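Chains as they are written, first to last, in my numbering: chain A, 409 to 716; chain B, 409 to 716; chain C, 409 to 716; chain D, 409 to 716.
Some hints here could point you the wrong way.
[Said to hold, decoys possible] Here are some chain A residues pointing at chain B (derived, C-beta under 7 Å): (1) 430; (2) 464; (3) 522; (4) 529; (5) 690.
Note that these hints are calculated values from the structure, not bench results. Remember, it's a predicted structure, so these values are computed and weren't measured experimentally. Just so it is clear, CB atoms sit at the ideal spot from N, CA and C, and this is done for glycine as well.
Protein chains: 4
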Amino acid sequence: MKNTFKSPLKGIIPPLVTPLLDNDTLDKDGLERLIEHTIAGGVNGLFILGTTGEFASLSYSLRIELIERTCFLVRHRVPVLVGITDSAFSESVNLARVASDSGADAVVLAPPYYYSSGQPELLEYLKRIMTRMPLPLFIYNMPVHTKVIFEPATVSTAADIEGIVGMKDSSANLSYFNQVRYLLRDRTDFTFMVGPEELTAEFVLMGGHGGVNGGANMFPKLYVDLYKASVNRDFEKIVPLQNTIMKISTSIYNVGHYGSSYLKGLKCALSLMGICSDFMAEPFRKFKDRERQKIQQLLEEFNYSEWI
Amino acid sequence: MKNTFKSPLKGIIPPLVTPLLDNDTLDKDGLERLIEHTIAGGVNGLFILGTTGEFASLSYSLRIELIERTCFLVRHRVPVLVGITDSAFSESVNLARVASDSGADAVVLAPPYYYSSGQPELLEYLKRIMTRMPLPLFIYNMPVHTKVIFEPATVSTAADIEGIVGMKDSSANLSYFNQVRYLLRDRTDFTFMVGPEELTAEFVLMGGHGGVNGGANMFPKLYVDLYKASVNRDFEKIVPLQNTIMKISTSIYNVGHYGSSYLKGLKCALSLMGICSDFMAEPFRKFKDRERQKIQQLLEEFNYSEWI
Amino acid sequence: MKNTFKSPLKGIIPPLVTPLLDNDTLDKDGLERLIEHTIAGGVNGLFILGTTGEFASLSYSLRIELIERTCFLVRHRVPVLVGITDSAFSESVNLARVASDSGADAVVLAPPYYYSSGQPELLEYLKRIMTRMPLPLFIYNMPVHTKVIFEPATVSTAADIEGIVGMKDSSANLSYFNQVRYLLRDRTDFTFMVGPEELTAEFVLMGGHGGVNGGANMFPKLYVDLYKASVNRDFEKIVPLQNTIMKISTSIYNVGHYGSSYLKGLKCALSLMGICSDFMAEPFRKFKDRERQKIQQLLEEFNYSEWI
Amino acid sequence: MKNTFKSPLKGIIPPLVTPLLDNDTLDKDGLERLIEHTIAGGVNGLFILGTTGEFASLSYSLRIELIERTCFLVRHRVPVLVGITDSAFSESVNLARVASDSGADAVVLAPPYYYSSGQPELLEYLKRIMTRMPLPLFIYNMPVHTKVIFEPATVSTAADIEGIVGMKDSSANLSYFNQVRYLLRDRTDFTFMVGPEELTAEFVLMGGHGGVNGGANMFPKLYVDLYKASVNRDFEKIVPLQNTIMKISTSIYNVGHYGSSYLKGLKCALSLMGICSDFMAEPFRKFKDRERQKIQQLLEEFNYSEWI
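With the rest of the complex left out, here is chain A (with noise of 0.2 Å):
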């Protein structure tokens, strides 16, 4: 297995939208943009297929599709990170060969989300799926969707597997993924990224290494301006950016209704903003006219031309 983490991926690594003109169909110019976009406001890795990429939603063709096309696009100006999460353990091993044949750099797995495992099971899983992955793995943390925690005892062992290599959290518990860093704390090389980027400072301050975190498929610069001043210990930066990001997380992100406004949110100010596609895959669907009017207002306060 090539693995190109000898030591932890470090920076902002935004989790992509998928940018569609329907159901199954990718918007092409979107994705180029979107690619050009992040990798322009300096950003350390892109991870394709995750949560906020609606991997869950899309055809296999279309996943395909999209690694391949994204691969191609980056040319290995920066990593980009797979997500291979599927109830169906052959579907999850095919996308990660997928992944090392378009020259991807890694995979990212949760756990399977129809049947729920217990501890021993999620961990048989984790030592069986690696024999079968051609790239490094990283764990990913999501019980909200997937009902199963990764708990630490399991991350511990875990880590042990060859070939993987870091963790992604997006459970929003601090407490729990301080108690993963704390058990693993000799693995200089393990990388550990956070998903909410109302954390990602508080990560950062304190050793983490990242965050994966989907405003900065909109304002790259801007997370990646945090991170930085997060490394430095810069306080004089992180205060005013770490406002910023919290008037995104209380404005952009909520307006409509359900579990998917941070998502709808996201996908409207892209295509508000010129760079991609809003349509959502099933279930959900882009916001209508007055929900993407609150958005351009929203976007017309923040004035954001720097965060780019």
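Position chains B, C and D against the provided structure of chain A, taking the given hints into account.
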């Protein structure tokens, strides 16, 4: 759309286990034996790719092979219902087309199970997928695995969508399902099926149409007899049959740990009965020797020759 | 310990609402009317300080007053069961003593509901509290509110503790309760009562002993008739009665929002029927005019004079 | 209302365990030693009758005794905060009055925890209870136990109610709490305290006011030092202190099973340190010999004389 459900489907519809030789290989002989075994036992239909069928753990090529081979083997002796639940809309549509092309009679659909939908989103999802369905569809309520319930008012509205002909409820919440049934009391053509076999008797006694009961993989005649006795309100027969079913529920399904003990016990028993392999798809594992011996003992206690 | 439950308690046991004038004042006249109303309707016992009785919202002095006054008013015409569920062991013991001193017949206990217990802790808790109980005790399964289920194996073991004489299950999961009943099938003295009125008919048809049904506060005779018809397996009578109960369930209990709509609808109807005040203890509020008018309309549709 | 919180409360506020001799008897000597131990360690206040204090398991007379005795022993050397959370409004009001009469400085309130409230109900509840509060009140977010979260918009509105002066969040979800803090960014007088000690450093670094950290019962100076280092952004000091706190979190709190292992480990350690009894109120039990020896070993590894 071909609709063979002008009146409700009735009786016992086993949710077939998927016999497997390994994670990607169908146990074809086992499948044939299982189909013949259940049809010989008098079941009124077969449901493949349900929760008991480990649908979410199977690759798409395996799901397609299973649909085609099952329809081929059944030869229209009983209706075949095909689970098309998926987190990706397009894959559900693809599976429905395969089911239709293979000669299946209906499809069965639970909510997308990674992202959680609100009720209006769920209703919209049903409306949109029905425009693509070549076969009648049964709504499948399975909140333990999908995290989302079809609220009674949602089902009541959805039942007006062309092509939605029935519902299977696996919540085990009979208070809930009675509410759904009451709201649809004027829909004499609509099928109501209950999942958990522990309450099939009660459900049928009060007008429910039947059970999609996992135990009918093992002992089809037992469940068919219970169904018939319940339709006939023949309590002399119901009581001992129900006791047997509760004995199965509290013994064969109750060996080992975790939520998967039902499925592991069922497949293990089928293997011991010589019907099919007990291999389980990831992330589960079949029982080891100790548990297998326990299931063997339990089967010997049952002396089940009359129930098959 | 006085044990009047050598054989199972049977029939309809209304979980009485607690009539209140304000948050700390019992509606004494309303309580008397409610007791007379339900006893006149033929109920087989009364259960105070259950979930329907808003027990957890009442001060201890009010709970004590309610116990004493109810026992005084009932004058042993029917058994009085007293809920003693509390997060504090000692307060449960105190309430049990008050119940015994007041002449009640049994107590009813759900798990402590702030800290969640594991099953062994729950069993130990039952063992220890039973050493302090002056009255027979019914186990009360109410997982929506307590977060903890009594697993079937736990009930099965607990049933051997001296003084535990029955169980009320409000989970609505008949698969679960049938497992419990099967495990205790040799305990012909043990009482099984079901909470949700939507499944009382099924439950009694299959040997359950009765229902602790909230609707019997309003229409005691309706539920008593359903119980009798179910015991007699008289489907001619069961079907229309069940339909009426489902109409209540899907209308009167379904006005307004939040989990409290059942309780608000019930108290509002009792107020409109002239039985007792609809004041609700904190943190709930009685219906405002709009909802009250809706309940009024629904009551008028019912023409319920025969059910009381 | 006396309000001593014109500016935020800051620092470490241990949520005191409740030393008990048996289920109904306060360990008075232990309480005195615990108070002197924590004050000597430099804590900035004491919080009694929180989750760590087993409030929900204590009888009312014991809660009252604890309030009075604590206030008497503290003699206003540090502020005393009193938990008044209860499922019954009137009992919360009673406890607040006792707290006020005893000379406490503030009360702390989580949502009623048997019936779940909707957000508007929760806001109404706060409004109404505040009309009865003789002391300033801290909102207490503890969703694991109460099943209900105070949504950020609810806190934001509630903060305008006269007398609500701060919030303690024990959700461990820093993404959530950062949203709350952002919405209240103009309220420079409002106190924000975090519960889980594993994230106190991050929280204080980014402007949070302190921690209500259980470990400060054992090692008050350790947590006070971490707080001070965090206020001073002195990472040289923060890092080793944080490592120690994570070692405690992953060892002393991680012996035995169930959610209660934190509390059992904490009380066991206090007993081994000679501070107070490790008796636990129902439904929990103190550690048996095997676990106690494990805690003893862990304590010996810590060599903690400098942290107290």
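Inset, instruction - Under 7 Å, Cβ to Cβ, is where residue 690/A needs to be relative to chain B, so tell me if that hint holds or is violated. - result: Interface hint status for residue 690/A: holds (4 Å vs cutoff 7 Å).
Inset, instruction - Under 7 Å, Cβ to Cβ, is where residue 464/A needs to be relative to chain B, so tell me if that hint holds or is violated. - result: Holds, about 3 Å.
Legend entry - Interface hint status, residue 529/A versus chain B (Cβ within 7 Å): This hint holds: residue 529/A lies near chain B, its Cβ roughly 5 Å from the closest one there, short of 7 Å.
Inset, instruction - Identify whether the interface hint at residue 522/A stands, where standing means a beta carbon of chain B within less than 7 Å of its own. - result: holds, 3 Å
Inset, instruction - Closer than 7 Å between Cβ atoms is the bar; does residue 430/A clear it against chain B? Give me holds or violated. - result: Check failed: Cβ of residue 430/A comes no nearer than 10 Å to chain B, outside 7 Å.
The structure fails hint 1 only (numbered hints given earlier).
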